[in-house]
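Residue numbers (my numbering), protein chains in the order written: chain A, 1 to 232; chain B, 1 to 288.
Some hints could be false.
Unchecked claim - Okay, derived cross-link-like pairs now, DSS-like style, lysine-lysine, Cα gap no bigger than 25 Å in a straight line:
no.	chain 1	residue 1	chain 2	residue 2
1	B	Lys128	B	Lys194
2	B	Lys139	A	Lys198
3	B	Lys210	A	Lys9
4	A	Lys182	B	Lys194
The hints are simulated quantities; they were obtained by calculation from the structure and are not laboratory data.
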Amino acid sequence: MDMILEGLKQAFYLLVTFDPEVMGITWLSLKISGTATFFSLFFGISVGTVVALTEFPGRRLVVSLINTGMGLPPVVAGLIVTIFLWRNGPLGFLEILYTPTAMIIAQSLIAAPIVTGISLASIQQLPRNLRLQILALGANRLQMVWILIKEARLPLLAAVMAGFGGVISEVGASIMVGGNIKGYSRVLTTATVMETGKGNFEIALALGFILLLLAFIINAVLTQVQQRQRPR
Amino acid sequence: MKMRKGLTWAVGLMAALILMAGFSPAQAAPVKQKNLILATTTSTQDTGLLDYIIPIFEKKTKYFVKTIAVGSGAAMAMGQKGEADALLVHSPAAEKKLVEEGYGVNRRLVMHNDFVILGPASDPAGIKGMKSATEAFKKLAATGSLFMTRADKSGTHAKEMAIWKAAGVNPEGQKWYQQTGLGMGQTLGVAAEKKAYTLSDRGTYLSMKKNLGLDILSEGDAVLLNIYHVIEVNPAKWPKVNAPAAKAFADFMVSKQVQKIIKTFGVDKYGSPLFFPDAGKKVEDLGK
Numbered sequence: 001m002d003m004i005l006e007g008l009k010q011a012f013y014l015l016v017t018f019d020p021e022v023m024g025i026t027w028l029s030l031k032i033s034g035t036a037t038f039f040s041l042f043f044g045i046s047v048g049t050v051v052a053l054t055e056f057p058g059r060r061l062v063v064s065l066i067n068t069g070m071g072l073p074p075v076v077a078g079l080i081v082t083i084f085l086w087r088n089g090p091l092g093f094l095e096i097l098y099t100p101t102a103m104i105i106a107q108s109l110i111a112a113p114i115v116t117g118i119s120l121a122s123i124q125q126l127p128r129n130l131r132l133q134i135l136a137l138g139a140n141r142l143q144m145v146w147i148l149i150k151e152a153r154l155p156l157l158a159a160v161m162a163g164f165g166g167v168i169s170e171v172g173a174s175i176m177v178g179g180n181i182k183g184y185s186r187v188l189t190t191a192t193v194m195e196t197g198k199g200n201f202e203i204a205l206a207l208g209f210i211l212l213l214l215a216f217i218i219n220a221v222l223t224q225v226q227q228r229q230r231p232r
Numbered sequence: 001m002k003m004r005k006g007l008t009w010a011v012g013l014m015a016a017l018i019l020m021a022g023f024s025p026a027q028a029a030p031v032k033q034k035n036l037i038l039a040t041t042t043s044t045q046d047t048g049l050l051d052y053i054i055p056i057f058e059k060k061t062k063y064f065v066k067t068i069a070v071g072s073g074a075a076m077a078m079g080q081k082g083e084a085d086a087l088l089v090h091s092p093a094a095e096k097k098l099v100e101e102g103y104g105v106n107r108r109l110v111m112h113n114d115f116v117i118l119g120p121a122s123d124p125a126g127i128k129g130m131k132s133a134t135e136a137f138k139k140l141a142a143t144g145s146l147f148m149t150r151a152d153k154s155g156t157h158a159k160e161m162a163i164w165k166a167a168g169v170n171p172e173g174q175k176w177y178q179q180t181g182l183g184m185g186q187t188l189g190v191a192a193e194k195k196a197y198t199l200s201d202r203g204t205y206l207s208m209k210k211n212l213g214l215d216i217l218s219e220g221d222a223v224l225l226n227i228y229h230v231i232e233v234n235p236a237k238w239p240k241v242n243a244p245a246a247k248a249f250a251d252f253m254v255s256k257q258v259q260k261i262i263k264t265f266g267v268d269k270y271g272s273p274l275f276f277p278d279a280g281k282k283v284e285d286l287g288k
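Could you put the whole structure together from the sequences, leaning on the hints where they help?
In structure tokens, the structure reads:
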């Protein structure tokens with residue numbers, strides 16, 4: 001128990017003193033996971049919408065695959081990305097292993113199925129007649145899709161939160177493809193693992209609390225956006 | 001209108017993050033050939049030694065070091081695949097094999113510390129003070145005392161297996177022999193919780209001692225030496241290896257400057273050094 005209090009104290013101390021190293025890794029966590037979430041939104045909302053609105057053979061299989069992907073273990077995603085990015089691997093010429101870019105790729109891979117799955121479900125749960133109605137009012141297909149996405153914005157923002165929450169808190173992929181390099185690819189989660197390994201449990205806890213605080217702030221902002229426009 | 005505003009808001013926030021990510025200096029990759037990938041064991045990072053000396057190397061040579069701290073087994077696998085430029089590892093038998101197979105060149109002695117046999121203060125197996133690590137392991141097996149092994153092909157694990165072999169005991173599958181599959185720090189935590197015996201490098205043990213209830217029960221045997229070598233990955237096998245950087249790093253590790261740092265590193269924090277510098281010595285002369 002003392003240790004948790006000590007961790008809280010440390011977190012507070014690191015925050016109020018603007019500890020440059022901690023500020024750096026917090027900022028990097030936010031940038032990497034924010035960017036990865038952004039990419040996964042593009043992919044996830046478009047694929048999710050297409051799958052939700054179309055009928056094709058094997059559709060159920062595709063949906064099952066997407067839903068399985070929502071549980072993709074980060075460490076597996078990390079291993080796959082690592083093997084592709086190895087110097088002597090298929091994408092080795094890019095020379096981006098152990099960089100923040102590689103971390104964005106791995107995290108996008110983790111977040112994409114989460115966003116796709118929730119997008120799919122949220123578009124699909126809209127009443128079928130709504131589509132007919134929109135088309136009947138003279139909208140073209142693109143306009144219809146845009147209206148549907150807007151109609152489903154509540155669950156879609158939940159998809160954003162789930163995707164972001166999934167990647168900001170994951171460590172397996174980040175440590176593998178980023179390498180936890182000081183001042184370069186060290187983020188809150190990988191630093192927490194390292195400090196735990198060093199036996200600096202108070203600092204590890206402090207980093208954990210900072211991570212939670214960060215996630216809370218982001219989610220509070222998104223929730224604000226989401227709830228403000230709740231249909232009355 | 002109100003809805004669109006909210007959505008625009010969220011998208012704008014993300015876009016802003018990306019823009020900032022794009023322009024941040026941390027994101028800009030350093031000049032390519034300047035990168036040096038150093039695969040090493042967790043102990044060199046967890047003790048804080050690398051965090052101390054790498055910046056000195058970077059400043060001196062302008063290379064950018066990407067330190068990948070994994071077990072010695074994984075580090076050597078990276079070397080074997082040409083995915084690292086230099087290795088700083090402590091698993092001598094496997095290192096020799098790597099060099100014999102031509103994947104590593106110019107293997108040089110850097111430093112050593114030692115392993116210690118740890119256990120609960122109550123010492124139910126009664127190995128306290130035993131001089132021979134092999135005899136201590138025999139006794140642990142004979143009494144069926146709970147033993148935690150990392151089982152991760154790390155240098156520590158390799159050393160442990162060598163001692164079991166010397167003791168003529170095959171612990172695999174025994175009820176008292178449990179695998180954690182974790183790094184040294186975490187394995188120490190598990191051993192402490194379960195009041196089990198385990199083998200650890202002294203550096204990691206010293207740095208975590210305050211949170212553990214584990215005592216050193218046997219130490220000082222010559223087989224318990226923990227020896228670190230630096231190896232350059234052979235560019236003849238893997239053309240993409242940054243050979244000049246690897247050589248510069250290996251030279252740096254055995255240089256007078258670094259050897260002097262190693263000699264005193266950790267004294268202020270733990271009261272004794274964590275490593276002993278050995279550049280230029282022969283393995284056979286260590287610990288004498």
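Evaluation of the provided hints:
With a CA separation close to 18 Å, the supplied pair lysine 128 of chain B and lysine 194 of chain B stays within the 25 Å bound. Restraint check: the Cα-Cα separation between lysine 139 of chain B and lysine 198 of chain A comes to about 30 Å, which exceeds 25 Å; the hinted pair is violated. The suggested pairing of lysine 210 of chain B with lysine 9 of chain A holds, with an alpha-carbon distance near 19 Å, which does not exceed 25 Å. About 33 Å separates the Cα atoms of lysine 182 of chain A and lysine 194 of chain B, which puts this hinted pair outside 25 Å; it is violated.
When held up to the earlier numbered hints, the structure conflicts with 2 and 4 and fits the remainder.
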